[in-house]
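Required output: the full structure, derived from the provided sequences and hints.
2 protein chains.
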Amino acid sequence: MAAFTAHTSAATTSHHHSPAGTAAILLQSRRRVYSPSRVSCSSAAADKSKTVVIGLAADSGCGKSTFVRRLAGVLGGGGGAASPARGNGNFPGSNTLVVGDAATVVCLDDYHSLDRAGRKARGLTALDPRANDFDLMYEQVRALKEGRAVDKPVYNHVTGRLDPPERVAPPKILVIEGLHPMYDERVRDLLDFSIYLDISDEVKFAWKIQRDMAERGHSLESIKASIDARKPDFEAYVDPQKQYADAVIEVLPTQLIPDEEEGKVLRVRLIMKEGVRHFAPVYLFDEGSTITWIPCGRKLSCSYPGIKFAYGFGAYYGHEVSVLEMDGQFDKLDELIYVETHLSNMSSRFYGEVTQQMLTHAGFPGSSNGTGLFQTILGLKIRDLYEQIVAERAAAVTADAINV
Amino acid sequence: MAAFTAHTSAATTSHHHSPAGTAAILLQSRRRVYSPSRVSCSSAAADKSKTVVIGLAADSGCGKSTFVRRLAGVLGGGGGAASPARGNGNFPGSNTLVVGDAATVVCLDDYHSLDRAGRKARGLTALDPRANDFDLMYEQVRALKEGRAVDKPVYNHVTGRLDPPERVAPPKILVIEGLHPMYDERVRDLLDFSIYLDISDEVKFAWKIQRDMAERGHSLESIKASIDARKPDFEAYVDPQKQYADAVIEVLPTQLIPDEEEGKVLRVRLIMKEGVRHFAPVYLFDEGSTITWIPCGRKLSCSYPGIKFAYGFGAYYGHEVSVLEMDGQFDKLDELIYVETHLSNMSSRFYGEVTQQMLTHAGFPGSSNGTGLFQTILGLKIRDLYEQIVAERAAAVTADAINV
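Residue numbers (our numbering), protein chains in the order written: chain A, 1 to 404; chain B, 1 to 404.
Check the hints yourself; a few may be wrong.
Where chains are identical, the list cannot tell them apart; a pair therefore holds if satisfied intra-copy or between any two copies.
[As the list claims (entries may be wrong)] The list that follows gives simulated cross-link-like pairs (lysine-lysine, DSS-like), each with its CA atoms no further than 27 Å apart:
| no. | residue 1 | residue 2 |
| --- | --- | --- |
| 1 | 273 | 299 |
| 2 | 273 | 120 |
| 3 | 242 | 145 |
| 4 | 273 | 308 |
| 5 | 208 | 50 |
Don't read these hints as lab results, they were simulated from the structure. Remember, predicted model here, so these are calculated numbers, not experimental data.
Next comes the structure, spelled out in structure tokens:
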């Protein structure tokens, strides 16, 4: 394994990052509540995790950016922060999204160690770990988590090359999104919560057709070839990360309409690991039981094919999980609020918050189905997780102050 | 149709009852709250229904007597009243059960107009309307409902003949149970609530084998022959009554075990008509939706094959109904109380009342499955219906007194 030395990209725009010690890793915004000398052993551990780190993994074109925009909506508290505009004004080519003072979303493409030409020369895809610098990723995520700013490389998606690095300050919540947030064990261990967006082949294909054929004029053959070319590396390096995820959003074709293959009506499953600190899985009616629920009926009318929920539990890669599933789509506001009312452990701050979030961002893809619903719920869960960690630290500080 | 004249059996033990006017229909326990002269038109209507009348229909050997014992347990308030001993001490051969001062259960076999020999002579089964005196049934149920005692015939199940009649005073709740409580339109119109126990052929056959072969030494062939012989009349005269029932308990083979044919594990459905006065159908989690629920899981462990509930709605003989279904059986107390906790509109007076009732009568057939559960629930529903009617009358009397 690579050495645990600190890497930065402060002095270089190349894909190679030399170890530079702590000089370029700026210390910034250290705790103000109490001085380091008063930190006891127990609270020192909590203190180290100043920034809460969230990993969001998925293949490209699988909804990471929509998820990030929904998360920004929840954390930013308003519609403005959910804009897809990049937050670092000084770096027009930046892939980083700054959500007010609440969160910073770093795109892991910035840790490509090989640029487009380099990958081509070596015959590697961007999914191959050899095209990515996990040492640097680890060092910089760790630095941010410990409260130190970093000079993060910037991968330019237009040129396919690395631009000059940008300064990233430690945020309250750091989201690292991309192909490999849980690939490297060291990075994985830094994550307070991890999410994997798992789009089934059928849906992925339908989405690619929609985007690349309809919007970009690609041929069906070229789309198929592109998917097939990515598949071996995807299955070797990206897909296995879902076993580490605390929550997986699985997107499948609907079961409500026989032979529906357009990927328009979706069956979406939210797989939630049990026993994760600060994360209480959402449930339907009776926690720990097995339920199906068609809310459409006497009280709620739905258009064809309706909405069907399922809730249950099981094992996922050897972990105990709860699973909430939504098949079908909302076509009216009252369906959405009705469903929200009957879900528990939502971590919402007020009645109808999920519905409000979904309405605010009604134009985002998936707003009428389980992808939008579950992304929004995970947004609330991340906010809740952050608040629990902060509260825990505050309690530890108080206890420490009493014990001095 | 037969004339609407009053019949009694006061002076005869034969199967023929002559019209005898009002002489033998004793006036008894008339209202004491206010005098007849102060009864207004509106409250006179309510006043007429002094006795609440419940119809309970089923084939013989289908659990009517167990149901009655469970109902007695609910209405009598204790275990003693649920004893199967007949209540009319003066008539040792009586088929009538008196539950304290709360209810009287009349067996409609007492209205057989042909005794066993008479049926044999005319080639009729007891299921044939021609073997039953619906004129007398109607007159006596009406008399009881209006507050007048009757001298009801008594059919002796041992001799197959009619014994001397017995005096029946108007109870708070009159339950008429037997083959034909909803057959005659006039009798049907007197019912405040009606129940049909619908045992599927497979289960009926399994039960008959268990009882008649194991306990009475009958042969399999004779059991089959007996069922086949009853079937035409059953289908012509008994089964069609279920279309009029406010609640049907349907007993089917389990779907949890493939090819289970012993009738030991049952799938039981409680079909509840919508829009019935004083009767709010029970529901699971979300009224008016469609749900399946396997309570066995993380919180509740069950032995094989577990328990599965279903709740939904639909049409039953053209009526809108809600349906609650239980497949499987309870084998532990905590399963029962867990299930009770998650059902709504149960009409119980205190937390756990259904469980308490089922435990008190744990020795009754069906105590571990949906038949016992739904019989108990309908017992609570009947008590609730009675109390609502009484409260409504009291309110009408008060309103009347104010308006005088």
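- Message: Taking the earlier hints as the rules, which of them does this structure contradict?
- Response: 2 and 5
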